[in-house]
Amino acid sequence: MEKETIISARNLTKKFGHFTANDNLTFEVKKGEIFGFLGANGAGKTTAIRILCGLSSPTSGEVEVAGFDIYRETEKIKKNIGYMSQKFSLYEDLTILENIKLYAGIYGIGRKQRKTKESELLQKLELENVKNKLIGDLPLGWKQKLAFSVAIFHDPKIVFLDEPTGGVDPVTRRKFWDLIYEAANNGITVFVTTHYMDEAEYCDRVSIMNAGKIEALDTPAKLKEKYTATNMDEVFLKIAR
Amino acid sequence: MKQLKSFIKKEFFHIFRDPRTMLILFGIPVVQLLVFGTVIKSEIKDVHIAIYDQSKDETTKEITNKLLSSGYFILDENLNNLDGIDAIFRKGKVREVIVFENNFGQTLGKEGTAKMQLIADASDPNIAKLAISYTTAIVNDYIRKLYPEMQLPMQITPEVRMYFNEEMKSAYMFVPGVMALILMLISAMMTSISITREKELGTMEILLVSPLRPVQIIVGKVLPYLLLSIANAFIIVLIGHFVFSVPVNGSFILLMLETILFILMALCLGILISTAAKNQMTAMFISMIGLMLPTILLSGFIFPIENMPVVLQYFSHIMPARYFITIVRTIMLKGTGIFFIWKETAVLIAMTLFFIAVSVRKFKIRLE
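Each protein sequence line maps, in turn, to chains W and S.
Count the first sequence with the UniProt record's numbering and you get residues 1 to 241, in order.
Count the second sequence with the UniProt record's numbering and you get residues 1 to 368, in order.
Treat the hints as calculated values from the structure; they're not laboratory data.
Errors might be hidden in some of the hints.
To be verified - Stretch by stretch, here's where chain W covers chain S in the computed footprint (C-beta under 8 angstroms, at least three residues):
1. 13-27
2. 195-204
Stated by the list, open to error - Cross-link-like lysine-lysine pairs, in silico, DSBU-like; alpha carbons within 30 angstroms at most:
3. W:K175 x W:K222
4. W:K115 x W:K79
5. S:K362 x S:K343
6. W:K133 x W:K101
7. W:K30 x W:K15
8. W:K175 x W:K15
9. S:K9 x W:K115
10. W:K101 x S:K2
11. S:K56 x W:K124
12. S:K61 x S:K129
13. W:K79 x S:K2
14. S:K9 x W:K124
15. W:K101 x W:K31
16. W:K131 x S:K2
17. W:K213 x S:K199
18. W:K112 x S:K9
19. S:K9 x W:K157
20. W:K87 x W:K157
21. W:K175 x W:K224
22. S:K66 x S:K199
23. S:K5 x W:K87
24. W:K117 x W:K79
25. W:K117 x S:K5
26. W:K143 x S:K2
27. W:K79 x S:K5
28. S:K61 x W:K76
29. W:K76 x S:K2
30. W:K157 x S:K2
31. S:K145 x W:K131
32. S:K91 x S:K56
33. W:K143 x W:K3
34. S:K5 x W:K112
35. S:K278 x W:K87
36. S:K66 x W:K133
37. W:K124 x W:K112
38. S:K362 x W:K79
39. S:K56 x S:K9
40. W:K157 x S:K115
This one's a predicted model, so the numbers in the text were calculated from it and none came from an experiment.
Cβ atoms here follow ideal geometry from the backbone N, Cα and C, with glycine treated the same way.
Okay, chain S solo, but in the shape it has when bound (with noise of 0.2 angstroms):
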């Protein structure tokens, strides 16, 4: 017990007095965290667009005053002609243009129906296929408050809910994904890191020599880790629930619990790349390569699992990320128990286990 005190004692030293590690372990979490929650956005705000109202009528002008009060749309330019359009758009400022056709108002008042076109740079599709239906969703609100009487035969008004994210905020989506790249960055990353390092030294070989046996060595250099990272999950959380309003409502012990076993899988993980790993290095590669693109792409954290090619899905099987998401998403947003993530919990205990039965056998293998 003495020995492994002593040993997790220098870990803390080697953390706390290197500025590098330091700042990977406590400065890259928060702003990537805030980096992704202001970059990754499936909401608009303040795009920017031009009208070209041939009507100026009583109607269009009430439709363009709601558009500009949604908080969506900032107006650029007033065209007076459909030439413009290209030239705006190629300016790269304008996202979309609105045109309502002549006599707007009084067509609609009389016939029930009235023209308007939506034009939108698509070069980056996701910003114009949301403007489009914003303004749609906005368009059709006026309409049916102006003329609620006017019910076209056979239409159908859905009703949609979005259940446990009413308001769509994508913050929802990526702090539980946030929070798994994270882990296993800081975790895996850095006690292969710090594994490798003092393979590179020459201090290994001084420890192996010593009466320390590689199991101590191991949980040695785990200890540290684990409980920088629960601190880190901590931290991810109450930035997730006070930045960015992310609600806990499931129960936060499990949370916490369940973290601290994905935290285990991905520190055994790390131990595992140290012992195929020459030098810091190529550690370094492994794990940024070989786990945190993977994590971010394949892991659902973005991309929907579902619209992946087939083989990627089964590929996406093999990442452990992608069973800590589902499990911090339901906890968090669903509010749901043990019950209904149980098949997850227990992969990602059978992953934690073949990582240390594999990792321990390999830490011996290197003592020969």
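Looking at chain W on its own, in the form it has when it is part of the complex (with noise of 0.2 angstroms):
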């Protein structure tokens, strides 16, 4: 049975100036999927999820993010997605449990919910010993996982990474990757941005984009097997070239 679209769009164009940052996108993403955005630095990765987010608006295309018209129901979008930007997104100066309680305020949860999810979190990423400390005294790693937990808190529908892993060692990345994979088995559509290849892997479909482009979109095993390549790197030096 065909999945559920959740995110499509259709030849989506963002232009700054002569500048044209997205060119004609064409995409579809289906619900509880990990869908990978694959790009180099600069590919256009970044100004496509800004617009999926809100944060951004669309030169022309038609967009539909949740079921929702992009330039019409935006504040129906915001309720129903989470958002982690590459740059740290908590603030160090609140401890764990006021960053949490902020949240979920922001998000209209009730208080007795909030509770028992934020025990829950809480245990899960060890986290309870240290709950009263400020942020900004925790481990990158630690906190890149908080921040994740933090954008599904509310369960939105769609979860948006825009380069989750920058600047995290190899076996933290493995480790915030079980997160991920936890998020989808519950039902969360990942959409994740990437310049790591072995990332690639661990998603159920790329999209690989170069120059503002999408050049090529398929499931992984595929991508190598279309591009006789053996691993994900190779699939992309061979687009990107």
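Assemble the dimeric complex from its two separately framed chains, guided by the hints.
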């Protein structure tokens, strides 16, 4: 059975003056999928993700996120998505607990529900003993895991991750991906940009961008077959060249 | 509502956990007020003088005593010849030399007129002018008492009264000015910095992606600073009253309402700055140079607007502080009500609305 489409973009184009950051992007993301958005720096990944989140509006094209139109129903989209940017997105001068409370408040989560979810989360990330510590004092790997957990705290339909694992060692990155799998198993669609090719292998489907265009879009296995490559790194190099 | 509450709570955490913010919020106002209070003076005190008394009679001694007991002057040296004057000024301590001519008292008694010379160190023209006029006043006062019947023909003796500030206290001038300056600084600078900080750290994106509406973000950013600025205004009025004995002759409630209006105006200006500035440093520089200096120089705080070149006079019309200072002076010193300051109030309201309109528009554009 064909799965439900949760993000669809048709001829999405974004121009900054004469520079075309996104050139006629057309793709669909299915519900519950881990969708990888790959490309070198400056390929237009961040621009695309910002448009899908409502941070920026496209120059032309049709885009629907979580069943809502990106031009007219931004407010509805916002309630249904989570976002984690490449910059660290929690407040360093607030404690772990205060950060959680803040986001719960912003997303209108009730006190009771917050308490249950909060203790689950702290237990899962083994942060119970440090919950009253300032975020600024935590190691980067912990911060990023926490930032991800906070981004999906309100059970969004889709979570957008913009290079979430930048600057983190491979072991921590692997652990971070365990969290992503868990979220996907719980039915959250994951839209992730990255330039680490090993991460591309973890995705259900990947699209590879180059100079504002989508050059390839398929499962990692099929892409490797098509480009006769042993890993995604080779696929990427063949396409980018 | 709940969304906004958690957002505002977070703002207060930011403020109370950052020592620098706390210092700017509560340290600077008090220090600034006390510094301005003791530094800006239009009255003189303990000016060092030297006297070359060639007469050394009853009258000159009495005049000398009068001068020294006035509290304005301290005698540094008695000179014996004119040659010492130059040298004593060069040393820099003595600001005024008083010379009595030979047979001062005798001549005065006989001819009704005698000569004394006042020489002042005008490298600081303000002090020189003040010292001379204080000395003249004291001497005239003494002569008048000595020979009450001896009125020169056609002499006009003006009786001067300084309305609303009988003692010409400079505190009356600077307390409203410092109030405007501090409120402007805190409200505009702190909001613009706190908004640009979120932009710099990347947390602003998270807020914009969240269901929080831009208006809620703005209100959440502004409200904490509004409350703290009102607290600051209270502190300034209290210090002004109890340390510098500046009265509040008019309605205290009206004063506070006008203050809140001015704070709102400055907060909106802060938001506007934050939409233009990319990072905290830029925001700080714009606030400092764009707001603080013009506020000090062009608002009539220290330098009277009427004495400025015409171009700058026009420029001073766009200084919000100018109107606020007039309002505060009118309420605190003259004790009059809203009927006398409605024009200034209207200007401030118009400015506030203008800044709100522009910044809300700009804030939305940034969402693009």
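Of the numbered hints stated previously, which ones are contradicted by the structure, given in increasing order?
-> 8, 11, 22, 28, 31, 33, 36, 39 and 40
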